[in-house]
Every structure is written in structure tokens, then in C-alpha cells.
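Go ahead and model the full structure; you've got the sequences and the hints to work with.
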Amino acid sequence: ESGNFKNLIHGIHSTVRFPSPQNYCAKCHTPTGWSLPLPLASLPSRHENQSCGLLPDGGSGAPSDGGLTCLSGAVVGSPFFQPPTAAACTSCHSTPAADVHAAVNTSSTGQESCAVCHMAGRSSGIDLKHAMLP
3 ESGNFKNLIH GIHSTVRFPS PQNYCAKCHT PTGWSLPLPL ASLPSRHENQ SCGLLPDGGS
63 GAPSDGGLTC LSGAVVGSPF FQPPTAAACT SCHSTPAADV HAAVNTSSTG QESCAVCHMA
123 GRSSGIDLKH AMLP
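Numbering-wise (our numbering), the sequence shown opens with residue 3 and increments by one.
You may find that some hints are simply not true.
Stated by the list, open to error - Subject to a maximum C-alpha distance of 27 Å in a straight line, what follows is the list of computed DSSO-like cross-link-like pairs (lysine-lysine): (1) K29 - K8; (2) K131 - K8; (3) K29 - K131.
Hints are computed from structural coordinates only; laboratory data are not their basis.
In C-alpha cells form, the structure reads like this:
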């Protein structure tokens, strides 16, 4: 699977030792580059769901454990796009509940309402919950 740089970087920072504290976003971002709402020109991240292609008999040939080693050898990719805030946040907050939370708070046209609760100064603002360093 190809990787999106912003997801890769945020994901790495959530799992390995970063040379600065994880809440020191200004290390890489401009002083407000991590804050919400993101600029309107921010792009979504492309992802791909993968599944086994169908065999002539209609079966997928997928192993019973649900892995992606397809007996037919045909892995089928189905691309989807994740809005920019959800993509950045769920690269670290990588639970099914976080994915659902992001999806529920995104419109069918991709408009995110994250800033309503998570922008600086709000009750669940990322500045409070992550104790952002200056």
C-alpha cells in the first residue's frame, strides 16, 4: 500500500521515540500550522481498501483468517479519500472508535466539524488535551 506522508509522519511519532516531545508540534509546523480548523485548501488523504478478487465459482479464495493472501492471487483495491483533519488525527488515534468519531463528524461532502470541539480554547481543544508546547 502506498503511504501518505502526513499519515506516515504522524503515525511514526505516535509509535517510536521522536527526538522532541510528541506535543511539540511547532518543531515541524508553523506556530499555528497544527491548529484547527485547517485551511480550506487542505487536501484529503488517499487510502485503499484491499480485498480478494472473485474466483470463477464466485468465491474469493480468501483464507478463513481474513488475511489478504488471496488464493486466486487477485487483490482488488478500492480507493477512498479521508478528509485532512481526520487523516492527521486518526494516524495516531488509530482505534475503531476514533475512526467512527471522525466519520460521524464529517458530512457526505467531506466537510469536517472537528473544530467545533477540538480547536484551541474549546472544551476538548487539542491545545488542552495534548498540552501543546510553545
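Hints, one by one, checked against the model:
no.: 1; hint: K29 - K8; verdict: 15 Å, holds
no.: 2; hint: K131 - K8; verdict: 21 Å, holds
no.: 3; hint: K29 - K131; verdict: 18 Å, holds
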